[in-house]
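For the protein sequence lines, the chains are H and Y, in the order given.
Following my numbering, the numbering of the first sequence begins with -10 at its first residue and continues without gaps.
Following my numbering, the numbering of the second sequence begins with 303 at its first residue and continues without gaps.
Mixed in with the good hints there might be a few duds.
Below, simulated DSS-like cross-link-like pairs (lysine-lysine); rule was C-alpha separation at most 25 Å, straight line [said to hold, decoys possible]:
#1 LYS69(H) x LYS318(Y)
#2 LYS387(Y) x LYS74(H)
#3 LYS402(Y) x LYS419(Y)
Think of the hints as simulated: they come from the structure by calculation, not from any bench.
Bear in mind the structure is a predicted one, so any value in this text is a computation, not a measurement.
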Amino acid sequence: MKTFVPLAWAVAANSFAESVRHRFFTLFTVFAFTAIYASVLAGVMAVDEEARVLADLGLALMELTTLAYVLFQASSSLLKEAETKTIYLVFSRPVPRGVYLAGKMGGVMLTAAFMLGVMGLMHVALLAFRGFPVPAGYGWALAGSFMKLAVITAFAFFVSLFSTSAVSTLVISGIMWTLGHFVSETRFMAEQASGFKAALLKGTLLLIPNLQLFNARDVMGAACSITPAAVFAGAAWILAAYFASLWLLAGKEF
Amino acid sequence: MTTNAVSFAGVEKTYKRPRLLGAVYHTAVQDLSFDIPAGEITGLLGLNGAGKTTIMKLLTGLLFPNAGTVQVFGLPPSGQAAKAKVGFLPELPYFPPQLKPGSALAYYGRLSGLSGKELSLAAEEALQRTGLEPHADKRISEFSKGMLQRLGLAQALLHKPDLLVLDEPVSGLDPLAIHDIRKLLAGLNAEGRTIFLSSHSISEVEKLCGRVLIMVRGRLAKTVTRAEWEAAPGGLEAIFVEAVK
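In isolation and in its complexed conformation, chain H is listed as follows:
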């Protein structure tokens, strides 16, 4: 533990710096700003509901833009280090693989937090420009988005350790992201079904992270939109993905 934190922090800080220096980061930020600004049009069309539409659409766009970037980073991070042989310089040093993995995951999560923060500021400025206050629970909505992104980042790292390309990792993680938003519906279907179909659906539910738990923007205005149980579930998903990734990474040769 004495060396875990400084080493993991060194890897995370390096990974974060590389992420934000990447030319795609600027492109994504410009895209996000354009998309958030374009949501003004939708807001204007909503007439009386302009503030709500502007807030909801902006938050959704921020989440999706960050999702695209963190999935791109998480799916290519380890692959790129192996291809460029940078990983030789890391694993020939006294850096335990678990520490390196934690640092890499942490770096991408830091990038997600940073992107959400930057876009959040743009969004709040836009709301102010239109004369609307920051909606109640806005911070919780951002925290919820971050939790979802952290869970899917950890999952993408796990997939990247056995998939054959960054594209397949992106696709599998994208599917998991989508399924994670339909857990209630899948549970309903499992309750309605019987026999093998019910068992299959119940089994699937065990494997899919319930990302609906973190949809705090659906209940914006509530005093605390993310329950401790949701935070615990998110942490458990991240840890499960981390240990599964570590199990794969520990036996990997370079």
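Following the hints, put chain Y in place on chain H, whose structure we already have.
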């Protein structure tokens, strides 16, 4: 009693390449046994595919043997204690092009457990020893191949390792860079560091090493000492050609 920096005993490494149906196996090194005494410069010669890089990776814990044992100062190479004693220069090392050499060294220094003043001193010293000090303000994207190789050496030297494992350290370098690196390695050896290097350049190995291992198709074909090749007609080159034919 001489301490061994490196010890290979009956080592075998087979690569498995998965195919649609089953897998293809390729044995890179087999029945490999040798020792490298501490404080020596030992060279590793062989044709392409002879298993040189595999040996380097087994030594640095990047690969695991299928059979036999590898030890670094009596320790398993995948352990943290052994890794702390090793500096590794892979063939054609990569560094993020937008960084300056000091930043790259700072990152690898942190990973070697250095911090604060100790880290900045180690990075400064490594830059100076490898002749990169005048280029400290340049970005790595502006570096020539020789400068990248020097930076690769600098990162391997940061934590003052007892054993340096160098995979093709002079590959593709101009004569002046080769001369400088040879001088640097001789200096490091004079400080008591063990150096194990692989190369395609027989003349370089001849100039630097006290002992040479010749690999042929994954097996150790011959171990030659400096006294032996100096006494042989045609020198090390003749011995090498004879061994690989």
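Status of the hints after comparison with the structure:
no., hint, result
1, LYS69(H) x LYS318(Y), "22 Å, holds"
2, LYS387(Y) x LYS74(H), "21 Å, holds"
3, LYS402(Y) x LYS419(Y), "19 Å, holds"
When held up to the earlier numbered hints, the structure conflicts with none and fits them all.
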